[in-house]
Amino acid sequence: MELSKEVQLLQSEVRKFARDVIAEKVDEFDKNWIYPKEIITQLGAMGLCGATIPEVYGGCLLDTVSLLVGLEEISRVCPSTALILLAHNILFSHTIVKFGNEEQKKRYLPDAASGRVIGGFAEFATNELTVKEENGCYRITGRNHILLNGDACGPFILFVESAGKVNALIIDDTITGIKRNRKNNIIGMNAGGINEIIFDDCTVPLLNQLKGEGNSIMAELKLFSNLGYSALNLGIAEAAMENAIKYAKERVQFGEPIINFGMVREMIADMATQIESVRLLLYDAAVIRDNGKDFTRASALARYLSNQMVAEVTTNAIQVYGGYGYMKDYPVERYFRDGQVSRVLGSSGIELKELIVNSTI
Numbered sequence: 112m113e114l115s116k117e118v119q120l121l122q123s124e125v126r127k128f129a130r131d132v133i134a135e136k137v138d139e140f141d142k143n144w145i146y147p148k149e150i151i152t153q154l155g156a157m158g159l160c161g162a163t164i165p166e167v168y169g170g171c172l173l174d175t176v177s178l179l180v181g182l183e184e185i186s187r188v189c190p191s192t193a194l195i196l197l198a199h200n201i202l203f204s205h206t207i208v209k210f211g212n213e214e215q216k217k218r219y220l221p222d223a224a225s226g227r228v229i230g231g232f233a234e235f236a237t238n239e240l241t242v243k244e245e246n247g248c249y250r251i252t253g254r255n256h257i258l259l260n261g262d263a264c265g266p267f268i269l270f271v272e273s274a275g276k277v278n279a280l281i282i283d284d285t286i287t288g289i290k291r292n293r294k295n296n297i298i299g300m301n302a303g304g305i306n307e308i309i310f311d312d313c314t315v316p317l318l319n320q321l322k323g324e325g326n327s328i329m330a331e332l333k334l335f336s337n338l339g340y341s342a343l344n345l346g347i348a349e350a351a352m353e354n355a356i357k358y359a360k361e362r363v364q365f366g367e368p369i370i371n372f373g374m375v376r377e378m379i380a381d382m383a384t385q386i387e388s389v390r391l392l393l394y395d396a397a398v399i400r401d402n403g404k405d406f407t408r409a410s411a412l413a414r415y416l417s418n419q420m421v422a423e424v425t426t427n428a429i430q431v432y433g434g435y436g437y438m439k440d441y442p443v444e445r446y447f448r449d450g451q452v453s454r455v456l457g458s459s460g461i462e463l464k465e466l467i468v469n470s471t472i
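Using the working numbering, the letters of the sequence shown map in sequence onto residues 112 to 472.
Hint data in this document are derived by calculation from the structure and do not stem from the laboratory. Note that the Cβ used here is the ideal one computed from N, Cα and C, for glycine as well. It cannot be assumed that every hint is accurate.
Said to hold, decoys possible - Here are the simulated distance ranges between beta carbons:
no. : residue 1 : residue 2 : range
1   : Ala274    : Ala383    : 47 to 55 Å
2   : Lys243    : Ile298    : 29 to 37 Å
3   : Phe372    : Ala330    : 42 to 50 Å
4   : Ala134    : Thr384    : 20 to 28 Å
Turn these sequences into a full structure, and let the hints guide you.
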């Protein structure tokens, strides 16, 4: 597909910012587990924190293609920063836009649109919670092991199961008895601000509950976020291939650059083919969504293939580097680690296969 002039302009602006501003700090962010607060503030000023929020609440409401182009370009330089934007825009802001009442929208969306507040999302699959309903409240005890954007200390979406039902709640700073702990034991996305969160007999008013049945909300979020994660995977793979090609042109063995070796050229051809396949699937799915059509199958196909692709491409990039590829002195090691995290967040391979099969047979 050919991007419109407006999307090309956005792509150029985000690419320039990522390469001129983010790139010089990304290694420091990764090595020292630094949440890129100043970078997110600047992205907020560019409008990228309000990408899924209507103008009436202070956002700019980009179409799906534009949002994914922005995520892809940032992920090519810093996947952690792209993950922060994905969680904020798709998993937090979009959820409130679609399922929040008017009071909730007015309360949370204006600050989210400007980037003054960065919203988070607690992965439902990692809940170890005890939930009881009493006196018009939920009482929650236990922990959730994956809270995206936990370092931002903003409000977040939490799914809870009580009395056989799943509901979505907005958890904010008015709720006491919550402790966030930085997750420093993950293999990648070190600057993404991923936390675990502990609930100590927290009381959450039913007023914080979003409209709709929780499983239905979750299913829609997975479809949309699958596109976001595919964009992250795509950006990671592109960067890994670019670095591998650059290294192969510079690395000399037996009197010539290794880019001339048949095995290296074959790996690069495989990388390019897989990347282009994912690109076509992803932006086809984005156009389907923007046209208001059912993108269930397209979303699952893009995410399923992108998960496989990012693992293979980043592995091959390391192979091009040889032993150097495993060293933290070279960027492909970081892209490999970040890709492993990006491909497992949000949806399992089994779920994706079932969606593909059910929409095919």
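Violations among the numbered hints:
none
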